[in-house]
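Using the sequences and the accompanying hints, generate a full structural model.
Chains as they are written, first to last, in my numbering: chain X, 1 to 190; chain V, 191 to 329.
These are computed hints drawn from the structure, not numbers from a lab.
Treat each hint with caution, since some may be false.
[Claimed, not checked] Partial list, computed: chain X residues near chain V (C-beta under 7 Å):
#1 Asp-30
#2 Val-55
#3 Leu-63
#4 Ala-81
#5 Glu-90
#6 Arg-92
[Said to hold, decoys possible] Restraint ranges, calculated between C-beta atoms of paired labels, are given here:
#7 X:Glu-162 x V:Asp-213: 15 to 21 Å
#8 V:Leu-253 x X:His-89: 26 to 32 Å
#9 X:Glu-93 x V:Val-321: 16 to 22 Å
#10 V:Ile-230 x X:Glu-166: 27 to 33 Å
#11 X:Asp-73 x V:Asn-327: 49 to 55 Å
[As the list claims (entries may be wrong)] When the alpha-carbon atoms are kept at most 27 Å apart in a straight line, the in silico BS3-like pairs for lysine-lysine are as follows:
#12 X:Lys-85 x V:Lys-226
#13 X:Lys-68 x V:Lys-257
#14 V:Lys-250 x X:Lys-85
#15 V:Lys-247 x X:Lys-68
#16 V:Lys-226 x X:Lys-179
#17 V:Lys-236 x V:Lys-250
#18 X:Lys-179 x V:Lys-217
#19 V:Lys-239 x X:Lys-85
#20 V:Lys-250 x V:Lys-239
#21 X:Lys-188 x V:Lys-217
#22 V:Lys-261 x V:Lys-329
#23 V:Lys-239 x X:Lys-68
#24 V:Lys-261 x V:Lys-247
#25 V:Lys-247 x X:Lys-85
Because the structure is a prediction, the values reported are computed rather than measured.
C-beta: ideal position from N, C-alpha, C; glycine also.
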Amino acid sequence: MQNINQQAENMDSTHLSREELEAAVLGISDADILRVSQIANSYTGSHEMEADDLVQEAIMRTLAGDRKTCPRDLPIVYFLAGVIKSIAHEEREKNKRKKNDEDSYQATLKQFNDEDCSTENDVLEQQLYNELEAIYEEDEEILLLILYLQEGESSSEIQKNEGWSETHYNSIRRRMRRKWNAHREQEKIS
Amino acid sequence: MSKNRRNKLPISVADILVDDILDSTDKEILSEALEKHDDIDFEIEKTRKVINEAVMKSRKSRLNEAKEQFKNSRISKQKNNILSLSISDKRKLINQVKESVDSLTLAARNEEEMSESDANGVLQDLIDLGVIDESGNVK
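Set out below in C-alpha cells:
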C-alpha cells in the first residue's frame with residue numbers, strides 16, 4: 001500500500017527511496033557500524049541521550065520518510081552521521097533552554113547581588129573545555145584548535161588564521177581523536 | 191571532576207572528531223577497534239542489533255500509521271455518506287435494497303422498528319458484502 005508521497009519519493013532518481021534506504025541501513029558494513037558507534041559516542045557530552053539512543057533515533061528519523069532521504073551519491077554512513085549530529089545539536093539546544101529556564105530564578109537573584117550570572121549550562125560547557133585542556137596540555141596545536149572551537153570558528157577560518165594546510169589541520173585533528181580515545185580507555189580502566 | 195563528565199566532549203569538539211572518523215579508512219577504523227575491544231565482533235553485533243531493532247520499530251510504526259489512515263478514511267467516507275443520513279432515510283434505503291435485490295434475505299425484523307444502531311449495522315454489512323457502495327447505490 002503506497003501513498004502518493006511514497007510514489008513520488010520512489011520516482012526521485014537523485015535520492016534513495018524509503019525501501020532502498022532501509023536496505024542500505026540493514027546492509028551497512030562492519031567498518032561503518034563501528035563508525036556509527038564511535039560517532040554516537042562522540043556526541044554524548046552535551047545532552048542526556050546515550051549513544052544507543054542516538055543511533056536508534058537517527059535510524060527512526062531516517063526511515064520516517066518525512067524528510068529528504070539520502071542522496072544516491074552519498075555513502076549511507078555520511079547520511080547517518082549527519083542525522084546523528086543534527087539530533088545531538090537539537091538535544092543540546094533543548095537541554096540548554098531547559099537549564100536556562102531552571103537557572104533564571106537563581107540568575108535573577110545573583111544579578112541583584114551583583115554576582116556572576118552565568119547559567120549552570122554555560123559553566124558545565126566551560127568545565128568540559130577546561131577538562132580538555134588538562135588532557136591535551138602537552139600539545140599546543142590541539143590546545144589552540146580547542147580555543148578556536150570554543151570561539152565558534154569554522155575549520156576553514158582556523159586553517160586560514162593559523163596558516164595550516166588542510167593536511168596539517170587533519171593531522172592535528174587525528175592526534176586529537178587518538179589522544180581522546182586513549183583517554184577514554186584509561187578512564188575505563190581506572 | 192565527576193567520572194561521568196570526564197568522558198564527555200563539548201559539541202564543537204565532537205563535530206571535528208566525527209569529521210576525522212568519516213575521513214578514516216576502513217582499515218584504520220577496524221584496527222583502532224581491534225586495539226580498543228577484546229571482542230570486536232561483539233561490539234559490531236551490539237550496534238547492529240540497535241540498528242535492526244530501530245528498523246523493526248520504524249516498520250511497525252509505519253504499519254500502525256497506515257492502519258490509522260485506513261481507519262480514518264473509512265470513518266470519514268462513512269460519515270460523509272449513508273451513515274450520516276437520517277434514521278428514516280436509512281430505513282427507506284434498507285427497504286429499497288430488500289426490494290431491489292431478490293436474492294437478499296435480511297433478518298426478518300421490520301426495518302421500521304430498527305434502532306439507529308441496528309440500521310447502521312445492517313448498512314455496514316451491506317457495504318461489506320458489496321451489495322451497496324458507500325453512497326448507498328445498489329451495485
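Against the structure, the hints:
1. Interface restraint check for X:Asp-30: the shortest CB-CB distance to chain V comes to about 5 Å, inside 7 Å, so the restraint holds.
2. Taking 7 Å as the C-beta cut-off, the interface hint given for X:Val-55 holds, the closest approach to chain V being about 5 Å.
3. The interface hint given for X:Leu-63 holds, since its Cβ lies 4 Å from the closest Cβ of chain V, which is under the 7 Å cut-off.
4. Look at X:Ala-81: its Cβ gets to within about 6 Å of chain V, closer than 7 Å, so that hint holds up.
5. The criterion of a C-beta within 7 Å of any C-beta in chain V is not met by X:Glu-90, whose closest approach is roughly 11 Å, and the hint is violated.
6. Satisfaction of the interface hint for X:Arg-92 is found here, the shortest Cβ-Cβ separation to chain V being roughly 5 Å, below the 7 Å cut-off.
7. The beta-carbon spacing between X:Glu-162 and V:Asp-213, approximately 19 Å, falls within the hinted interval of 15 to 21 Å.
8. In this structure the hint that V:Leu-253 and X:His-89 lie 26 to 32 Å apart at CB holds, the actual value being about 31 Å.
9. Taking the beta carbon of each, X:Glu-93 and V:Val-321 are about 58 Å apart, not inside 16 to 22 Å as hinted.
10. With their beta carbons about 31 Å apart, V:Ile-230 and X:Glu-166 fall inside the hinted range of 27 to 33 Å.
11. A hinted range of 49 to 55 Å for the beta carbons of X:Asp-73 and V:Asn-327 is consistent with their spacing of about 52 Å.
12. Only pairs whose Cα atoms come within 27 Å are accepted, and X:Lys-85 paired with V:Lys-226 is accepted, the gap being roughly 23 Å.
13. Distance hint between X:Lys-68 and V:Lys-257 is fulfilled; the C-alpha atoms sit about 24 Å from each other, no more than 27 Å.
14. With a CA separation close to 25 Å, the supplied pair V:Lys-250 and X:Lys-85 stays within the 27 Å bound.
15. Of the supplied pair hints, the one linking V:Lys-247 and X:Lys-68 holds, its CA atoms being roughly 20 Å apart against a limit of 27 Å.
16. Taking the CA atoms of V:Lys-226 and X:Lys-179, the gap is near 13 Å; set against the 27 Å cutoff, the hint holds.
17. Restraint check: the Cα-Cα separation between V:Lys-236 and V:Lys-250 comes to about 21 Å, which is no more than 27 Å; the hinted pair holds.
18. Between X:Lys-179 and V:Lys-217 the alpha-carbon distance is near 19 Å, which keeps this suggested pair within the 27 Å criterion.
19. For the suggested pair V:Lys-239 and X:Lys-85, the alpha carbons sit about 21 Å apart, so the restraint of at most 27 Å is met.
20. A distance of roughly 16 Å separates the Cα atoms of V:Lys-250 and V:Lys-239; the hinted pair therefore holds under the 27 Å criterion.
21. Between the alpha carbons of X:Lys-188 and V:Lys-217 the distance comes to roughly 25 Å, so the proposed pair stays at or under 27 Å and holds.
22. In summary, the hint linking V:Lys-261 to V:Lys-329 is supported, as the alpha carbons are separated by about 23 Å, within the 27 Å threshold.
23. Of the supplied pair hints, the one linking V:Lys-239 and X:Lys-68 holds, its CA atoms being roughly 25 Å apart against a limit of 27 Å.
24. A threshold of 27 Å between alpha carbons decides the hint, and for V:Lys-261 with V:Lys-247 the separation of about 21 Å falls inside it, so the pair holds.
25. Taking the CA atoms of V:Lys-247 and X:Lys-85, the gap is about 21 Å. The hint holds against a cut of 27 Å.
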